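Asker: What follows is each chain in one-letter form.
2 protein chains.
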Amino acid sequence: MISVLEAQEFVLRNAEKLPVISLKLEDSLGYYLAENCLAPLSLPSFRQSAMDGYAFIHTNETRLKVTGQIQAGDLFTPQLKPGEAVRIFTGAPVPDTADTVVIQEHTTREGDTLIIEKLPLPKANVRPIGEQLTAGALVLKKGHQINEASIGFMAGLGFTEIKVYAKPNVCILTTGNELQERGTPLKPNHIYESNGIMLQNALKRLGISNIQLIKVEDTLEQTSKAVKQALEAADVLLVSGGISVGDFDFVQEAFQNNGINEHFYKVNQKPGKPLWFGTKSDKSVFGLPGNPASSLTCFYAYVLPHLRSRMGSLNPFLNERSAVLTETIKNIHSKTLFLKAGVTGNKITPFTGQASSMLNTYALSNALLLIPEDTEQLNEGDAVTYLDLNF
Amino acid sequence: MISVLEAQEFVLRNAEKLPVISLKLEDSLGYYLAENCLAPLSLPSFRQSAMDGYAFIHTNETRLKVTGQIQAGDLFTPQLKPGEAVRIFTGAPVPDTADTVVIQEHTTREGDTLIIEKLPLPKANVRPIGEQLTAGALVLKKGHQINEASIGFMAGLGFTEIKVYAKPNVCILTTGNELQERGTPLKPNHIYESNGIMLQNALKRLGISNIQLIKVEDTLEQTSKAVKQALEAADVLLVSGGISVGDFDFVQEAFQNNGINEHFYKVNQKPGKPLWFGTKSDKSVFGLPGNPASSLTCFYAYVLPHLRSRMGSLNPFLNERSAVLTETIKNIHSKTLFLKAGVTGNKITPFTGQASSMLNTYALSNALLLIPEDTEQLNEGDAVTYLDLNF
Numbered sequence: 106m107i108s109v110l111e112a113q114e115f116v117l118r119n120a121e122k123l124p125v126i127s128l129k130l131e132d133s134l135g136y137y138l139a140e141n142c143l144a145p146l147s148l149p150s151f152r153q154s155a156m157d158g159y160a161f162i163h164t165n166e167t168r169l170k171v172t173g174q175i176q177a178g179d180l181f182t183p184q185l186k187p188g189e190a191v192r193i194f195t196g197a198p199v200p201d202t203a204d205t206v207v208i209q210e211h212t213t214r215e216g217d218t219l220i221i222e223k224l225p226l227p228k229a230n231v232r233p234i235g236e237q238l239t240a241g242a243l244v245l246k247k248g249h250q251i252n253e254a255s256i257g258f259m260a261g262l263g264f265t266e267i268k269v270y271a272k273p274n275v276c277i278l279t280t281g282n283e284l285q286e287r288g289t290p291l292k293p294n295h296i297y298e299s300n301g302i303m304l305q306n307a308l309k310r311l312g313i314s315n316i317q318l319i320k321v322e323d324t325l326e327q328t329s330k331a332v333k334q335a336l337e338a339a340d341v342l343l344v345s346g347g348i349s350v351g352d353f354d355f356v357q358e359a360f361q362n363n364g365i366n367e368h369f370y371k372v373n374q375k376p377g378k379p380l381w382f383g384t385k386s387d388k389s390v391f392g393l394p395g396n397p398a399s400s401l402t403c404f405y406a407y408v409l410p411h412l413r414s415r416m417g418s419l420n421p422f423l424n425e426r427s428a429v430l431t432e433t434i435k436n437i438h439s440k441t442l443f444l445k446a447g448v449t450g451n452k453i454t455p456f457t458g459q460a461s462s463m464l465n466t467y468a469l470s471n472a473l474l475l476i477p478e479d480t481e482q483l484n485e486g487d488a489v490t491y492l493d494l495n496f
Numbered sequence: 106m107i108s109v110l111e112a113q114e115f116v117l118r119n120a121e122k123l124p125v126i127s128l129k130l131e132d133s134l135g136y137y138l139a140e141n142c143l144a145p146l147s148l149p150s151f152r153q154s155a156m157d158g159y160a161f162i163h164t165n166e167t168r169l170k171v172t173g174q175i176q177a178g179d180l181f182t183p184q185l186k187p188g189e190a191v192r193i194f195t196g197a198p199v200p201d202t203a204d205t206v207v208i209q210e211h212t213t214r215e216g217d218t219l220i221i222e223k224l225p226l227p228k229a230n231v232r233p234i235g236e237q238l239t240a241g242a243l244v245l246k247k248g249h250q251i252n253e254a255s256i257g258f259m260a261g262l263g264f265t266e267i268k269v270y271a272k273p274n275v276c277i278l279t280t281g282n283e284l285q286e287r288g289t290p291l292k293p294n295h296i297y298e299s300n301g302i303m304l305q306n307a308l309k310r311l312g313i314s315n316i317q318l319i320k321v322e323d324t325l326e327q328t329s330k331a332v333k334q335a336l337e338a339a340d341v342l343l344v345s346g347g348i349s350v351g352d353f354d355f356v357q358e359a360f361q362n363n364g365i366n367e368h369f370y371k372v373n374q375k376p377g378k379p380l381w382f383g384t385k386s387d388k389s390v391f392g393l394p395g396n397p398a399s400s401l402t403c404f405y406a407y408v409l410p411h412l413r414s415r416m417g418s419l420n421p422f423l424n425e426r427s428a429v430l431t432e433t434i435k436n437i438h439s440k441t442l443f444l445k446a447g448v449t450g451n452k453i454t455p456f457t458g459q460a461s462s463m464l465n466t467y468a469l470s471n472a473l474l475l476i477p478e479d480t481e482q483l484n485e486g487d488a489v490t491y492l493d494l495n496f
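Protein sequences, first through last, are from chains C and W. The working numbering puts the first residue of the first sequence at 106, with every later residue one more than the last. The working numbering puts the first residue of the second sequence at 106, with every later residue one more than the last.
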């Protein structure tokens with residue numbers, strides 16, 4: 106049995122990058138840049154007024170003659186002589202000969218005469234070419250995750266398409282004869298299937314939408330066949346349940362039958378001990394525990410960073426943060442514990458109901474409290490580390 | 106001019122809830138519950154084995170006769186007598202007469218004879234009915250934001266449809282004659298339009314997809330007409346630019362012409378002073394500054410909490426967190442400052458390049474450092490508050 110850190114190393118070391126694709130800028134939110142992004146032009150690309158006011162050649166003269174006006178977007182600007190001023194608006198081009206803009210609140214007008222009441226410093230309120238950045242500068246690095254600000258920024262530079270890493274096609278196989286589809290009354294001794302839809306939505310939060318969800322009958326033949334078909338269609342395969350050593354758990358054998366290379370089975374953690382991870386060329390395969398909460402914990406700790414890494418992320422793990430523990434916790438298992446918890450301000454409180462079958466507390470959790478395998482006890486008031494479930 | 110706190114109060118106080126709609130559970134990620142969710146059944150709903158092993162009636166006898174097996178999903182279970190055991194698997198129903206499951210690792214088999222090597226306590230490894238929750242219990246409250254765990258949890262309870270608050274239709278109007286569409290070489294004195302696509306993607310991150318993006322010509326007539334049409338189609342109107350008092354800024358007049366009730370104009374903050382907010386019956390209208398970074402800051406501080414509140418959120422603001430400042434900052438303006446910043450571990454560093462036209466640092470920011478209007482200086486090493494841009 107390997108440690109959590111070893112297992113996390115395995116899932117990152119075996120995270121082959123997905124293909125590089127060209128995307129329209131407007132569709133790129135959440136993707137990771139596959140190449141450095143260089144500025145194709147300077148910003149601003151012309152001398153721009155930063156305010157509404159008057160452009161002029163700096164002088165101590167307080168009365169100037171207004172000879173015209175320039176609006177943002179005007180293609181041509183008047184030539185300006187000493188003693189003259191032009192009305193100008195924010196974002197408008199400053200005439201070549203002018204060097205300063207006085208804001209309108211510091212002026213009065215008498216017909217065509219401008220009276221400057223508070224003289225600005227030379228060059229005030231004029232944004233020089235390249236003030237924000239110069240053409241050719243490295244602006245966003247490979248691996249950057251595209252957010253709304255990057256999209257606005259790249260739009261301002263005129264980008265229409267950008268190169269990013271693709272998102273994976275994922276297939277989710279759910280196993281277990283006790284599982285029943287929703288929509289009909291529950292049969293005796295059955296439970297409603299929940300892992301598939303849960304994992305599907307966890308993937309959606311990562312911006313992954315190409316997801317196939319398949320229920321597999323609990324026989325070796327059917328399981329092997331489903332794994333084979335999934336490997337043909339998907340980049341990543343998540344199998345929920347059937348990974349233990351019970352007589353009806355065929356998943357491991359199905360993985361072997363399909364020539365999937367096992368990297369590890371079982372991690373020294375609670376919940377989620379019977380986690381399986383393997384690859385076959387550029388396909389990755391996770392065997393997740395059937396218990397819903399175990400499954401979701403394994404998703405956050407291993408599947409999510411693996412997928413993010415394949416999508417090009419340089420910081421694929423959930424954010425680790427620190428908070429103050431509100432109660433004492435013993436770790437009698439010498440395992441790494443992931444405890445569903447609520448963080449308010451700088452306090453963290455683990456929920457009661459940590460059993461691996463229990464999803465109700467997970468729905469309310471915004472944090473996974475992390476207790477390392479070699480920590481036997483954490484005390485009330487200790488600063489502890491948690492994984493932030495806002496992502 | 107009002108303070109940031111007053112302005113935030115205004116945008117929440119005037120956040121009419123959107124209509125309640127019925128959604129398929131699988132499509133509900135990110136929505137907010139519009140009613141309390143009660144458990145329609147107990148979990149588990151039958152006595153379940155928690156492990157692979159053998160069910161039996163607790164006894165000190167160490168040799169039992171194996172009379173059958175029960176798989177997860179079996180509709181019927183055998184009756185069990187003292188001295189007998191049945192092979193049982195995780196999730197399978199425990200026979201009515203049995204009270205305990207011994208895990209397989211603590212047993213050996215000699216043909217039909219089971220030898221218990223380590224006797225568990227009575228009732229061990231049997232999940233009683235309702236262990237997780239009992240039918241009728243309140244499981245998720247109105248206002249809860251649905252995540253993948255809530256979806257899994259509600260799926261396990263058999264929910265197919267749930268009641269949530271709708272997401273808004275949003276219209277974004279961009280103003281400014283200097284703005285040019287991407288795709289053609291930049292004309293002199295023009296800039297590529299970036300605010301529209303930026304705001305559109307910020308909305309997408311909130312799960313809002315019904316967005317209309319319209320470029321308006323800078324005349325009062327066209328602006329008034331566009332505002333009128335947007336009010337007919339959208340729940341929320343975002344107007345980018347044209348909100349200042351320059352001769353070509355027609356947005357405020359267009360708002361008046363359309364009978365929109367002004368709640369405030371101008372907030373004592375930097376960037377984003379010329380922010381306008383109003384409503385007309387259940388429609389909300391924001392006049393956002395044209396500078397991209399100002400616009401985005403106003404989005405995070407006002408538009409986002411307003412929208413979340415309309416969508417049913419009880420905690421609509423971005424998370425406020427604390428970190429240690431790595432440098433000294435003066436606030437000479439007596440305004441609330443929002444500074445683009447990077448947080449690493451528990452340290453926060455504001456970026457250089459805070460000018461309101463600059464989006465490049467915003468793309469790299471994961472935090473907005475908040476400096477209250479009455480704070481004149483923050484020192485290196487101070488614990489400071491920031492808004493977390495992970496949302």
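Worth flagging that the hints you see were computed from the coordinates, not collected in a lab. Any given hint could turn out to be false.
Below, a list of computed lysine-lysine pairs in the BS3-like style, where the Cα atoms sit at most 27 Å apart [stated by the list, open to error]: (1) C:LYS129 / W:LYS375; (2) C:LYS375 / W:LYS223; (3) W:LYS333 / C:LYS292; (4) W:LYS122 / C:LYS228; (5) C:LYS435 / W:LYS228; (6) W:LYS440 / C:LYS228; (7) W:LYS228 / C:LYS320; (8) W:LYS440 / C:LYS223; (9) W:LYS292 / C:LYS309; (10) W:LYS228 / C:LYS292; (11) C:LYS247 / W:LYS333; (12) C:LYS292 / C:LYS247; (13) C:LYS246 / W:LYS320; (14) W:LYS292 / C:LYS268; (15) C:LYS309 / W:LYS320; (16) C:LYS435 / W:LYS122; (17) C:LYS122 / C:LYS246; (18) W:LYS186 / C:LYS452; (19) C:LYS223 / W:LYS378; (20) W:LYS371 / C:LYS371; (21) W:LYS452 / C:LYS246; (22) W:LYS247 / C:LYS122; (23) C:LYS440 / W:LYS129; (24) W:LYS440 / C:LYS378; (25) W:LYS268 / W:LYS309; (26) C:LYS309 / W:LYS228; (27) W:LYS435 / C:LYS228; (28) C:LYS292 / W:LYS186; (29) C:LYS228 / W:LYS223; (30) C:LYS309 / W:LYS247; (31) W:LYS228 / C:LYS375; (32) C:LYS223 / W:LYS309; (33) C:LYS452 / W:LYS268; (34) C:LYS223 / W:LYS246; (35) C:LYS452 / C:LYS375; (36) W:LYS246 / W:LYS228; (37) C:LYS378 / W:LYS223; (38) C:LYS309 / W:LYS268; (39) C:LYS452 / W:LYS320; (40) W:LYS320 / C:LYS129.
Keep in mind it's a predicted model, so treat the numbers as computed, not measured.
Asker: Go through the numbered hints given earlier and state which of them the structure violates, listing their numbers in rising order.
Answerer: Hints 1, 3, 4, 7, 9, 11, 12, 13, 15, 16, 18, 20, 22, 23, 24, 26, 29, 32, 33, 34, 36 and 39 not satisfied by this model.
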